[in-house]
Amino acid sequence: MGFQQDKHIKTIIIAEAGVNHNGSIDLAKQLINVAAEAGVDYVKFQTFKADNLVSKSAKKAAYQIANTKDNSSQYDMLKSLELSEANHIELIEYCKKQKVKFFSTAFDLDGLDFLNTLGFDIFKVPSGEITNYSYLKKLAKFGKPVILSTGMSTMQEIRDALDVLTSEQLTKDQITILHCNTEYPTPMEDVNLNAMLHIRDQLGVKVGYSDHTLGIEVPIAAVSLGACVIEKHFTLDRSLPGPDHKASLEPSELKHMVHSIRNIETALGNGIKKPTNSELKNREIARKSLYVTRGLSEGHIIVEEDLTAKRPAKGISPMDMPKLLGRQVIKSIEKDALLSLDYLN
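Residue numbers (the numbering used here): 1 to 345.
A portion of the hints provided could be inaccurate.
What the hints assert, rightly or not - Distance condition first, Cα-Cα at most 16 Å in a straight line; then the derived EDC-like pairs of lysine to aspartate or glutamate:
id	residue 1	residue 2
1	K255	E37
2	K99	E168
3	K79	D108
4	K97	E37
5	K246	D70
6	K331	E284
7	K310	E284
8	K314	E284
9	K138	E168
10	K29	E90
11	K96	D41
12	K331	D342
13	K138	D110
Rather than coming from a laboratory, the hints here were simulated on the basis of the structure. Quick caveat, the model's predicted, so the values are computed rather than measured.
All chains, please: the whole structure from these sequences, using the hints.
Written out as structure tokens, the structure is:
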């Protein structure tokens, strides 16, 4: 369950299964199969006990009511979506067989302790816990790298959370901050991808993006801007009952997103502008050389009107024209001939 970031090369892609298993270990394994097939780095679940997370009187969010078509309490919904400790162990072993890394986010202090016993060497703070001092303090004491999600946050709240995390054993180099909008799905006008860059520039940390929009174009754009982590919800089928399915990618979309991100990583290159091997063969065909516009006799003095630029680029570059003006022709040149220094003194 290691987390390594190859600088400027590989984006860590986290496929967020979350609670889209609907409380079924079999569905959870099917989600792992999809994530592995798509080629993601991590498949992530959620670790919580409803009794520790929410009061029994807490209402669902509007999107949860709309997506579940059920007005029962948030407690009842979350209780049905818990994964037991035994479930975690089973899913970790299944991930190993499928060659994809298991990951989970804890939503309470007991969950943090449990995940730490599993040998996690990276942790993720969900957006809802960014103002949870005790949670951040406990996590910081583990001394392990942290991904901090920032949905619903102000810059000051992000700074405050960063201060708590770095007050113990963590350094900024160990922290990656994800720009995020906590609406499911997120309207395009609320994405504000440039905020990711603002976080990076203001706080001096690695950044990424946790996406809740429909489709895949926004996370792909985030990678082109420099995101080193992308997190995206996925499901087996958006029509399944549950709070998060409708804002999740289906299997073919997840695979397409991963493929597109890997292409973008390759396309970003090293930033050095020079001709590539693939285009060098076209340079002679596409560029031009200097040709004479009319027949020139021996002794003629070259003027600009004597020369024109035409394809192919087999001779003198048109950029060298100023160096040729005023030189004398030493043997006659036919009209439309490729100019050579052999004709000039």
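Here is what the structure says about each hint:
no., hint, in the structure
1, K255 to E37, "holds, 7 Å"
2, K99 to E168, "violated, 34 Å"
3, K79 to D108, "holds, 14 Å"
4, K97 to E37, "holds, 12 Å"
5, K246 to D70, "holds, 15 Å"
6, K331 to E284, "violated, 26 Å"
7, K310 to E284, "holds, 11 Å"
8, K314 to E284, "holds, 7 Å"
9, K138 to E168, "holds, 9 Å"
10, K29 to E90, "holds, 9 Å"
11, K96 to D41, "holds, 12 Å"
12, K331 to D342, "holds, 8 Å"
13, K138 to D110, "holds, 10 Å"
Checked against the numbered hints above, the structure violates hints 2 and 6; every other hint is satisfied.
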